[in-house]
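Protein sequence lines correspond, in order, to chains A and B.
Here this note's numbering is used: the first sequence runs in plain steps of one and ends on residue 206.
Here this note's numbering is used: the second sequence runs in plain steps of one and ends on residue 196.
Treat the hints as calculated values from the structure; they're not laboratory data.
Where a beta carbon is used, it is the ideal one built from N, C-alpha and C, also for glycine.
Among the hints, a few may not be true.
FRET-style restraints, in silico, Cβ to Cβ [unchecked claim]: (1) E98/A with V88/B: 28 to 36 Å; (2) F162/A with L7/B: 47 to 55 Å; (3) I10/B with K145/A: 47 to 55 Å; (4) I18/B with D62/A: 32 to 40 Å; (5) A157/A with Q13/B: 55 to 63 Å; (6) G83/A with Q13/B: 29 to 37 Å; (7) V125/B with E91/A: 53 to 61 Å; (8) V93/B with Q105/A: 43 to 51 Å; (9) T86/B with K78/A: 42 to 50 Å.
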Amino acid sequence: MKISRTYLILALLLAGLAFALVLLPKTTRNKEIKPEELMTEIIDPARFLNPDLIAERLINEDPSIQLIDVRPQDQFVKFTLPGAINIPLTEISKEDWEGELNQHQKDIILFSNDDLFADQAWILCTRMGYKNIYVMKGGLNQWYKNIIAPIEPPETAPKEEFEIYSFRKAASLYFSGANTVSTTGTEKGNIVVKKREKKATAAGGC
Amino acid sequence: MGPLIPLGIIPEQWNNVIAVLIGMAFGFIMEGSGFSSSRKIVGLFYGYDFTVLKVFFTATVTAAIGILYFSYLGWIDFSMLHIHPTYVTGAIVGGLIMGVGFVTGGFCPGTSFCGVAIGKIDAIVYTIGLLVGIFIFSEAFSIFESIYNGNYMGEITITEFLGLSPYLFVFFFTLAAIAIFFVTSIIVKRVKEVNY
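One chain only, chain A, in its complex shape (with noise of 0.2 Å):
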């Protein structure tokens, strides 16, 4: 029997787009991000935040930023920062937590005790291709040692030493309430203001 010239021209398209298919090599095609464009990212220190700059956003009430206390639960429960959420470095790439993670709205602040979970937490997201994903450098204990129980520096240093020092000050009024001993008070209460002499108007003149 006869068989059409179309039919067979479109029979074998078909059946050689199939067979083409089968012949493909095989890649296993990863939502993961290249190892170069992991490696260029991770030498990149642009994604540590200084306590300071989050202290601040914090204190803004910034809506673009969401904070993740990446140490175990138990910790979380304890003690975290204000408005943080608990996303365990363990559970981190559970799928449960992508709709928090990928997202491009908020920049995300990973933190933990020191800054070695957080970072490990970021280099899990940043694999995964998640964007706006940030480090709070030296973490919890930095926070303390900056925020909650800041040192004041000596005389000798520059004024801007003095500007960070009074901001965080009033930072550890924000975030620990008002249970911060004043030390400075009484050694400067006996500053005597003088009050400057009124000038002597130019009398008389010539």
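Given the coordinates of chain A, work out where chain B should sit on it, guided by the hints.
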């Protein structure tokens, strides 16, 4: 790149608009293929017209090959596609009822609307029956619930179930389709010509 709507490339609000446009195109092509004629559709059962089989097999094979190529080239995220969940009992019972209705009524639900659109009286009667059936099923759902939900297998594909490579499966499926097209064209020539 794809799927376009879940990834937000096309806004979610366009979803229904696009669905209506695709539906219109689908109806137009079905009508163009002669699917609004119940005699043509049941020709598959009686063995004098295999257009239905050819059209749907071609559509399946084209879509399968297309999706695999798109997935291979990274144009579509395979894991984001909707896979219809499998209920084995419901599929078997529903398939039997659908098959009987198909042969006796001469339409499947989609083609019956096609027939209604061009004013076929049998299609209108069929559609009324279809709506009555939906009403009865919905009202008596508690009776049918165990059949409806029976042997749930989840969102599984046949290649996952059989543990085959999807590429190999699609290749053999394509060969089978071409063979079936060839055999059916022989059958059509052998049987007595039916005029409708």
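Outcome of the hint check:
| no. | hint | in the structure |
| --- | --- | --- |
| 1 | E98/A with V88/B: 28 to 36 Å | 31 Å, holds |
| 2 | F162/A with L7/B: 47 to 55 Å | 51 Å, holds |
| 3 | I10/B with K145/A: 47 to 55 Å | 50 Å, holds |
| 4 | I18/B with D62/A: 32 to 40 Å | 38 Å, holds |
| 5 | A157/A with Q13/B: 55 to 63 Å | 58 Å, holds |
| 6 | G83/A with Q13/B: 29 to 37 Å | 32 Å, holds |
| 7 | V125/B with E91/A: 53 to 61 Å | 59 Å, holds |
| 8 | V93/B with Q105/A: 43 to 51 Å | 48 Å, holds |
| 9 | T86/B with K78/A: 42 to 50 Å | 47 Å, holds |
Of the hints listed earlier, there is not a single one the structure fails to meet.
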